[in-house]
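Colleague: If you want the building blocks of each chain, they are given just below.
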Amino acid sequence: MANTIFTPSFMTGDEVSIPTFALLDPSGALYDGAQEPALERDHARRLYHAMLATRLLDERMMAAQRQGRLSFYMQSTGEEAAVVGATAALHDDDMIMAQYREQGALMYRGFGIEAFMNQLFGNALDDGKGRQMPIHYGSQALHYMTISSPLATQIPQATGYAYGQKLAGKGKCTLTFFGEGAASEGDFHAALNMASVHRVPVIFFCRNNGYAISTPAVEQFAADGIAPRAFGYRMHVIRVDGNDVLAVWEATRAARKLAVEHNQPVLIEAMSYRLAAHSSSDDPSGYRSKKEEETWRSKDPIARMKAWMMAKQWWSEDEESAEQERLRSDILATMKRAEKQPPPPLESLIEDVYAEVTPALRHQLDELKAHIRCYPDAYPRGAASLDAVKLANDAQAE
Amino acid sequence: MPTMNMLQAINSALDIAMADNEKVICFGEDVGVFGGVFRATSHLQEKYGKARCFNTPLVEQGIIGFANGLAAQGSVAVAEIQFADYIFPAFDQIVNETAKFRYRSGNLFNVGGLTIRTPYGGGIAGGLYHSQSPEAYFTHTPGLKVVVPRDPYQAKGLLLGAIRDPDPVLFLEPKRLYRAATGEVPKEDYVLPLGTAEVVQEGRDITLVGWGAQMEVILNAARLAEEQDISCEVIDLRTLLPWDVDCVSNSVLKTGRLIVSHEAPLTGGFAGEIAATIQERCFLYLESPIARVTGLDTPFPLILEKEYLPDHLKIFEAIRASVTF
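Heads up: the sequence lines are chains A and B, in that order.
Per the UniProt record's numbering, the very first residue in the first sequence carries number 1; after that it's consecutive.
Per the UniProt record's numbering, the very first residue in the second sequence carries number 1; after that it's consecutive.
Don't read these hints as lab results, they were simulated from the structure.
Take these hints with a grain of salt, some might be off.
Derived list of chain B stretches under chain A, where covered just means 3 residues or more per stretch with a C-beta under 8 Å from a C-beta of chain A [to be verified]:
1) 56-62
2) 70-81
3) 128-142
4) 256-265
Even for Gly, the Cβ is constructed at its ideal location relative to N, Cα and C.
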């Protein structure tokens, strides 16, 4: 028996210390001894633009929620570098299976303000047909799986999706985002184990932002973060400063190489902080201090990238103010258009439950329509599209 | 035509599906080189390779989570859950993910390629955790299809239908019949339709409805009734969700009487759904109350299994009570 001992000796994992990979210090300067990654000017500007646009969209839509124009919202504030940096390290046709706070990934891939707004208002132009709460975006064209509210369900799905990509043999991978809280779910462990056993090209990207709603990380797990869990699955793992966009980009690029070229799944733990509330329904003043928030505000990932870009003369204050102005007016104008759009038609209620509408569902919808015709004022959204259908039918009859 | 038992018929369906479409992938606990604990996936790894037929770690929520992702990617995932009693760790993935994938994305994404195979039902001295019939948990979930075959011929045709169906299917296999039921099964490819019940025996006096292994029991009860000159119409529902309301209601309009029988407990069982729908459709034609012959509202027992199960004698008594009401 190799490696046998004759007195009991326990281990905890504390024997291993996991370092944090970082390139930019909080002021935006390269750390001594750090090497600048091969991020080109135009690519850097695309990244920065996505981070900035995400920040401004979040600010405006949170305000809109407070004004009562929107039922619900979730900000990504403070975590833009983690999300956009990781996305930018992928190929644009790699699959992303996100948790919910990853609008920066869509922004980077060019979802467009209008598509965001149509989903947020659940109007007739929403690709999701107004079926999910705000921020549950999805895009087939941009390889961004539609968000579902149950936490961590996307993680084993990412393993399965990436297994299919491996069999297809086209050199694609899947990256899944999740929070440190979601990593407590059984689905997380199932996903990592299966990915390791079957050598699946998937990247597990944990946004460790310190809180699961109000529960701080110290009440979520006793170990040194999420990263050590990879050892249990003999998986490659790296911890990275999640507010350092260069480090996130470089780490994810290397992870993609391991995944696609060597069929090695990778766990990335990005250390960040949720500067805003969990959602529009949450108030962080009940569970954390302003002082703590201020400490993290000084590590703002957008300010950090901006300082680095300015030092390289890839960005200027003039460009910054012009771009902010343009984005703000675009967001406001697009929001005004989107909220005026009609709701999805009543017919859409029964579509997509199955590939084809079943007779039973058709029957239930007919009964519902008859009821709405009796009480149209009680169901204004449904009644509006009933009239539209009726008008169309009348026109056809004539 | 060759004679096959139900396992051979299921194995033949999987073999044909995998030969026909290289995107078909079979996986689950012990399904690889061992061919599954019941041998439903025998020789598939040998024929199609480890990448397309493989063992998974022992984690049902992971199996179905993986299967959802694989199906969303465009593969045709055929996942096995070793016993239906162990499907509950995957309940979230099935109910919140599989069933809602198409709807929640506005049809941008779907997992229509997914089929979940799992053995269910009692009669094998399996006690609480190798005997359950959990169909009603899933028939309460829009977006799923739930299919149960009654014999080898049905098993092969319905499984091929399920694998090729554009919606996710939960395919419940009556494990008591795996080796007990034999019959003629074509060697070649054929598909039986989903969503369609079958009138297994025509009759005049009363309609008997069931599915899966219970069909054999119902037919035995119908034979007993025949000896007393009671003519039973027997219907195999085959697909529980979405179920063939027209087939059952047309029969009850003719016979005026209905008994539904399943192994699962009475309360909240699928028989209640059928009874409610049929009394709406056929109220003025009913000659007697719709009856349910089911398991008791207990966990599935072991030593008292025979007493618990809704056997042919219990159904026969319900038939007599109905026609003499």
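Colleague: Hint by hint, note whether the structure agrees.
Modeller: Checked hints:
1. 56-62: holds (count 5)
2. 70-81: Since 7 is at least three, the answer is holds.
3. 128-142: violated (count 1)
4. 256-265: violated (count 0)
In summary, the structure is inconsistent with hints 3 and 4 from the numbered list given earlier, while agreeing with the others.
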